[in-house]
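Visitor: As given, the protein sequences belong to chains A and B, one line each in that order. With the first letter of the first sequence counted as 1, position 789 gets the number 789 in this note's numbering; the numbers rise by one all the way through. With the first letter of the second sequence counted as 1, position 76 gets the number 875 in this note's numbering; the numbers rise by one all the way through.
To be clear, the hints were calculated from the coordinates, so they are not data collected in a lab. Take the hints with a grain of salt, since some may be wrong.
Unchecked claim - Selected chain B positions facing chain A (in silico; Cβ < 7 Å):
{"#": "1", "residue": "ALA871"}
{"#": "2", "residue": "ILE933"}
{"#": "3", "residue": "GLU982"}
For every residue, glycine included, the Cβ atom is placed at its ideal position computed from N, Cα and C.
One-letter residues, chain by chain:
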Amino acid sequence: MKSIIIGLVIAISSFSYSQNCNYIFLGEVKDFHDGTPIESATIYIKESDKYIISDFDGKFRIENLCSGTLTLTISHIGCETKTVSYTIDNDVFKIISLEHHLEELNEVVVNSHLKTEGTSIEKTINKADLEKYTDKSLGDALNSVSGVSSLNTGNTIVKPMIHGLHSSRLLIINNNVRMFDQEWGDEHAPNIDINSSNKVEVIKGANTLKYGSDAIGGLILVQPKKYVAQDSLFGSTMLSLNSNGRGGNINSELVKTYKSGFYGRIQASYKQFGDFKAPDYYLTNSGLKNSNASARIGYRTFEKGFDAYYSVVSNEFAILQASHIGNVGDLVAAINSREPRVIEDFSYNIDYPKQNILHHLAKIEAYKRFKNFGKLSVQYDMQINRRKEFDLRRGNLADTPVIDLRLFTNSLQTNLNIDAIDNLKIDTGLLVRYQQNDAVSGTGISPLIPDFQKYDASIYMIGNYDLNESSEISAGARYDFTRIEAEKRYNLTDWNDTYNYDELFPQFETNNIDDSKILTRPEFTFHNISANLGYSKQFNNDISLFVNYGLATRVPNPSELFSDGLHHSAARIETGLLTLNKEIANKFVASLERNNQNFGFSISPYFKAINDYIQLIPVGITTTIRGAFPVWEYNQINAQIFGVDIDVNKKITDKFNYKGSISLLKGENLSQDIPLIHMPSTNFTNSISYYNDELNQLSINLIHKTVLQQNKFPDYNFYTFNPILQEDVYVDISSTPPAYSLFSFNSSVSFKAFKTGTLKLELNVENLFNAKYNEYLNRQRYFANELGRNINLKIKINY
Amino acid sequence: MMKNIKSTNTIKLLALLFISSLAFVGCSSDDDGHHDDHDHEEELITTVRYTLTNGTDIVTLEFQDLDGEGGADGTYDVSGPLTANTTYTGAIKLLNETENPADDITLEVEDEGDDHEFFYTSTISDITISKDDIDEDGNPIGIATTFVTGDAGTGSLTIELIHEPTKPNDGTSINAGGSTDVEVTFPIQVQ
Numbered sequence: 001m002k003s004i005i006i007g008l009v010i011a012i013s014s015f016s017y018s019q020n021c022n023y024i025f026l027g028e029v030k031d032f033h034d035g036t037p038i039e040s041a042t043i044y045i046k047e048s049d050k051y052i053i054s055d056f057d058g059k060f061r062i063e064n065l066c067s068g069t070l071t072l073t074i075s076h077i078g079c080e081t082k083t084v085s086y087t088i089d090n091d092v093f094k095i096i097s098l099e100h101h102l103e104e105l106n107e108v109v110v111n112s113h114l115k116t117e118g119t120s121i122e123k124t125i126n127k128a129d130l131e132k133y134t135d136k137s138l139g140d141a142l143n144s145v146s147g148v149s150s151l152n153t154g155n156t157i158v159k160p161m162i163h164g165l166h167s168s169r170l171l172i173i174n175n176n177v178r179m180f181d182q183e184w185g186d187e188h189a190p191n192i193d194i195n196s197s198n199k200v201e202v203i204k205g206a207n208t209l210k211y212g213s214d215a216i217g218g219l220i221l222v223q224p225k226k227y228v229a230q231d232s233l234f235g236s237t238m239l240s241l242n243s244n245g246r247g248g249n250i251n252s253e254l255v256k257t258y259k260s261g262f263y264g265r266i267q268a269s270y271k272q273f274g275d276f277k278a279p280d281y282y283l284t285n286s287g288l289k290n291s292n293a294s295a296r297i298g299y300r301t302f303e304k305g306f307d308a309y310y311s312v313v314s315n316e317f318a319i320l321q322a323s324h325i326g327n328v329g330d331l332v333a334a335i336n337s338r339e340p341r342v343i344e345d346f347s348y349n350i351d352y353p354k355q356n357i358l359h360h361l362a363k364i365e366a367y368k369r370f371k372n373f374g375k376l377s378v379q380y381d382m383q384i385n386r387r388k389e390f391d392l393r394r395g396n397l398a399d400t401p402v403i404d405l406r407l408f409t410n411s412l413q414t415n416l417n418i419d420a421i422d423n424l425k426i427d428t429g430l431l432v433r434y435q436q437n438d439a440v441s442g443t444g445i446s447p448l449i450p451d452f453q454k455y456d457a458s459i460y461m462i463g464n465y466d467l468n469e470s471s472e473i474s475a476g477a478r479y480d481f482t483r484i485e486a487e488k489r490y491n492l493t494d495w496n497d498t499y500n501y502d503e504l505f506p507q508f509e510t511n512n513i514d515d516s517k518i519l520t521r522p523e524f525t526f527h528n529i530s531a532n533l534g535y536s537k538q539f540n541n542d543i544s545l546f547v548n549y550g551l552a553t554r555v556p557n558p559s560e561l562f563s564d565g566l567h568h569s570a571a572r573i574e575t576g577l578l579t580l581n582k583e584i585a586n587k588f589v590a591s592l593e594r595n596n597q598n599f600g601f602s603i604s605p606y607f608k609a610i611n612d613y614i615q616l617i618p619v620g621i622t623t624t625i626r627g628a629f630p631v632w633e634y635n636q637i638n639a640q641i642f643g644v645d646i647d648v649n650k651k652i653t654d655k656f657n658y659k660g661s662i663s664l665l666k667g668e669n670l671s672q673d674i675p676l677i678h679m680p681s682t683n684f685t686n687s688i689s690y691y692n693d694e695l696n697q698l699s700i701n702l703i704h705k706t707v708l709q710q711n712k713f714p715d716y717n718f719y720t721f722n723p724i725l726q727e728d729v730y731v732d733i734s735s736t737p738p739a740y741s742l743f744s745f746n747s748s749v750s751f752k753a754f755k756t757g758t759l760k761l762e763l764n765v766e767n768l769f770n771a772k773y774n775e776y777l778n779r780q781r782y783f784a785n786e787l788g789r790n791i792n793l794k795i796k797i798n799y
Numbered sequence: 800m801m802k803n804i805k806s807t808n809t810i811k812l813l814a815l816l817f818i819s820s821l822a823f824v825g826c827s828s829d830d831d832g833h834h835d836d837h838d839h840e841e842e843l844i845t846t847v848r849y850t851l852t853n854g855t856d857i858v859t860l861e862f863q864d865l866d867g868e869g870g871a872d873g874t875y876d877v878s879g880p881l882t883a884n885t886t887y888t889g890a891i892k893l894l895n896e897t898e899n900p901a902d903d904i905t906l907e908v909e910d911e912g913d914d915h916e917f918f919y920t921s922t923i924s925d926i927t928i929s930k931d932d933i934d935e936d937g938n939p940i941g942i943a944t945t946f947v948t949g950d951a952g953t954g955s956l957t958i959e960l961i962h963e964p965t966k967p968n969d970g971t972s973i974n975a976g977g978s979t980d981v982e983v984t985f986p987i988q989v990q
């Protein structure tokens, strides 16, 4: 790129004095990647204002040149147009390399239907749709994709779920960095500011091997924008205000790009809400405060470049006060009362219980392309996640968190993309990662997750081969080495009697025993193999077929291995097991799609067989000083999950469009022949939209969503003796809430503002009819209804 | 035209200012507690001891679970039967015996009396229990009690400590809401 600029400078500044006009210029146009000659490239000669075409061998000839400057502009379908300048003082032969990755460079323009890989089954949420969720979370935005649902804690902690699988079974890749933010917890939402991303892709099948071996559920790719190399400064500011929660979000970003390929971007957002409101009452202590900032600088040309990124996310989530319960009796009271036990007036206060999370992510990536070979990238990334959870405590511990964990992760990875061979693209890479969890002392309580260190090393290779013009296959394999070294104190009775660890793992024991606790050093090593096969075929009429098979392997996460303690909001004791094995899944996903504005659809059936599926289920009751407590333990079963996601879009008139989707899913515990716990129920959406470009891009949407009752659930209900009532009471923790339907309304208009800017106004209403409902996949469904109506106003200025 | 360009620049400048100020807010320090890497269960209540005294007639009801929730189950220990038609002075103690000396949690409850209340419920209908102490709002706490037995009988006594109950309440834990910090049930005998 630099040489072109220099060339241009020469072209502009030099002045020709010579009159010798007998020189010959011989040129050859070649593909940058594999060196094959490019036929029929158009060559524009600036000095003589003439066009010529390259021949079968990619060659062309210009005769009778005068000495001085020769400026050529070479263009070819599917290639980046290139302008080159030469100083002519003799006969010259030059090879001019063109590259055909136009889409990649100018993704901004063409991005609507680009896939990360040809054979993968994925859905994209683009920037315009992401902006609708500016004051919500990544999980809320993903919920709009068929087959994706979420496991919620209240309405602000939203954990994405693909095909009923979440937490460690879902990889979230933020800016090409795999997120490690203690994602193992059910009530730990991903720490990503949705405003810092440009698009989000959900990959249900294939091509996840580059990022990890354990994407049993799927992969979520949060992608930044790629900027066009031109001299520009632009930005936007968006303000969103909501009636429910009486809060909102402000986000600003500023981008500077240079023609040389350098770019920089800074972005920041601040979000605050007070207590949200269900139709009949305020949800006392449900607000949040959230501040985020990100910065990026980079240099990007076709041949080389780098990208450095840093983001910080600071979240403070209030947890519904009524969800803090002491024992099973309190839980029964909550389930039976149908109203939260604490209802107060609206407040912005964030009281206990609450979560405070701070997440830093930094990365630097550099790449270089080699002629006739491919592209080599190297990336280093680092993350620090500090999570503090506060509960209602007594005395001088009132302001001390019950959970205080710091997870530090850093990885170094390389990727080599070989594209020199026609029809075949190979991606291969190496990764090393070191992770350290620090259970920060001072909480006055045994940590739920102990100190541990984790080492990973991986190698992968993926090939994509074009069988012919319309079909493509891909195949890949990955090997992962994982080692976990932990340090944890166990109750001696648990260690020796309850779990028999003294016989199973005598090598973990130390001589350090006090307070009836034994210090242990559990160490585990895992070897994982994962693989992938994909096929895609394009038919006429915009129809394409994708078929995918994947073998995924997941190592038990620290919470499954080590967690040990009382979980207040669930009124249960959760116990990990050192005997857990890795989970192995065989996944089949297919998709038949028609990508067409007038009538399009996608039908994606899937089937996942998971061996040694790790689940947390109730196993008994223990007597504590608080009374009776159910004990939940991790165990392993064989499971299968299958279903289908269907999307349809249809143009009704040139201004009206219809969109609909339905997701059906069934999850089975094969070992016990019962349904799996926490599986999303059948749900469908319909939306009618009106769009008029001439009327200030007026857009009006009416959206309907129905979620049916989940009738397939495992019955883990139990009886407990209530000493006050002197009778056994039934603890119905399993029954699912009834079906519900929600309607929402969106509208927006855009105006020209300032010189080149635009002003966009949006008015949205969620839960239009203020419906009272509960969602099975909300951990707080025992305690309160979901949110009532919300009126939202958004103002966005582009400048 | 010029004015427009100027106002665009002003907005860009303001945006920059806003972003950089937020970045400062976001980068607050990630400080770290002290590192002894061995946390005692400071908050744990291992022991509930209810002592009933009438002169030399002393009955203690004790629940003890030294390893806390999980681990080994707790043990109940009742020193002996209560005497019929007797008025006892009741005193409750909550202890954390993993500390040395044992931590008296009752003091914390007393300090936060308006956020706590003990409830005593017996299946023996002749027994009446009244609370003799009050919090800053004049509502009962239940650390000091008067325990009056009636005729002989066998049954149980449940002692609860409720955090953040509705105060005042009707004297029963069922209508007091809150969350349960302690719930222990002793077998008792009046003879």
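Visitor: For every hint, state whether the structure bears it out.
Guide: Results for each hint:
1. About 4 Å separates the beta-carbon of ALA871 (chain B) from the nearest beta-carbon of chain A, less than 7 Å, and the hint is met.
2. Because the closest C-beta pair between ILE933 (chain B) and chain A is about 19 Å apart, greater than 7 Å, the hint is violated.
3. Because the smallest distance between the Cβ of GLU982 (chain B) and any Cβ of chain A comes to about 3 Å, under 7 Å, the interface hint for this residue holds.
The structure shown violates just one earlier hint, number 2.
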